[in-house]
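**Q** Single-letter residue listing:
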Amino acid sequence: DGGITQSPKYLFRKEGQNVTLSCEQNLNHDAMYWYRQDPGQGLRLIYYSQIVNDFQKGDIAEGYSVSREKKESFPLTVTSAQKNPTAFYLCASSDKGAQGWGSGYTFGSGTRLTVV
Amino acid sequence: SQKIEQNSEALNIQEGKTATLTCNYTNYSPAYLQWYRQDPGRGPVFLLLIRENEKEKRKERLKVTFDTTLKQSLFHITASQPADSATYLCALGDYGQNFVFGPGTRLSVLP
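Line by line, the protein sequences are chains A and B. Position 92 (the first sequence) corresponds to 92 in the working numbering; numbering is contiguous. Position 27 (the second sequence) corresponds to 1027 in the working numbering; numbering is contiguous.
Among the clues, some could well be false.
Pairwise CB distance ranges (calculated) [said to hold, decoys possible]:
no., chain 1, residue 1, chain 2, residue 2, range
1, B, 1016, A, 16, 50 to 60 Å
2, B, 1016, A, 53, 33 to 43 Å
3, B, 1027, A, 40, 30 to 40 Å
4, B, 1020, A, 54, 35 to 45 Å
5, B, 1051, A, 56, 18 to 28 Å
6, B, 1020, A, 81, 11 to 21 Å
7, B, 1016, A, 7, 21 to 31 Å
8, B, 1052, A, 17, 15 to 25 Å
9, B, 1005, A, 62, 20 to 30 Å
Read the hints as simulated data drawn from the structure, not as lab findings. Positions of the beta carbon are idealized from the N, C-alpha and C atoms, including for glycine.
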């Protein structure tokens, strides 16, 4: 079945440590996105990519980095510069770029990151 | 800046009734509006998309309206069931722009 796989489901980060969240899709979608979700807030866009080897900052990119070396993969690194990284992270993809046409965005199951 | 509000943080209704969720927006003229369902600890699942030139769209027990004058979308679930209990998110987008998500409304359908 086609879909998006995020791993790990739970991740614990120590202070000052970088961690990388994995996102893989087999939907042949061009566009991929990373969102952060905090209680009581909407999904906030961290980074997005509409094509391989190209990506743009979203609304809250500070303290995060991404790469898009393959169409299927869009990993997110949470760096030590991100002061409040505890959150639920969601990866998504769409097949019509930023417009997210009729089939909407397809989301992964998320990674819950906790700072310990 | 753009602002999206969803009527309330939580909504409780009795099984069999129609649930109506509201999505209001300001400082924005979206061309598209989407609704998603999100269960606890899971990613959102796409339900419906409606375009600015469409007044209403239906899918099984779901109905969405889009009033660009009022800057509001209504999301209805008819004959609601306990299995409809979830958080529902609206998302607004424009041509060539990414979608912006609202905070969501947590719906509980009581048996």
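**Q** Take the hints in turn and mark each one as holding or not.
**A** For each hint, the structure was consulted:
1. Taking 50 to 60 Å as the suggested C-beta distance range, the pair residue 1016 of chain B and residue 16 of chain A conforms, at roughly 54 Å.
2. For the pair residue 1016 of chain B and residue 53 of chain A, the supplied restraint of 33 to 43 Å is violated, since their beta-carbon distance comes to about 53 Å.
3. Restraint check, residue 1027 of chain B to residue 40 of chain A: a C-beta distance of roughly 21 Å breaks the suggested window 30 to 40 Å.
4. A C-beta distance of roughly 41 Å is found between residue 1020 of chain B and residue 54 of chain A, which places it inside the suggested range of 35 to 45 Å.
5. The hint said 18 to 28 Å for the Cβ distance between residue 1051 of chain B and residue 56 of chain A, and at roughly 25 Å that hint holds.
6. Between residue 1020 of chain B and residue 81 of chain A the CB atoms are about 43 Å apart, so this pair departs from the stated range of 11 to 21 Å.
7. A hinted range of 21 to 31 Å for the beta carbons of residue 1016 of chain B and residue 7 of chain A is inconsistent with their spacing of about 40 Å.
8. One distance hint, 15 to 25 Å for the beta-carbon pair residue 1052 of chain B and residue 17 of chain A, is violated here, with the actual separation near 45 Å.
9. The hinted window of 20 to 30 Å between residue 1005 of chain B and residue 62 of chain A holds, with their beta carbons roughly 26 Å apart.
Violation of the numbered hints given earlier is confined to hints 2, 3, 6, 7 and 8; the remaining hints are satisfied by the structure.
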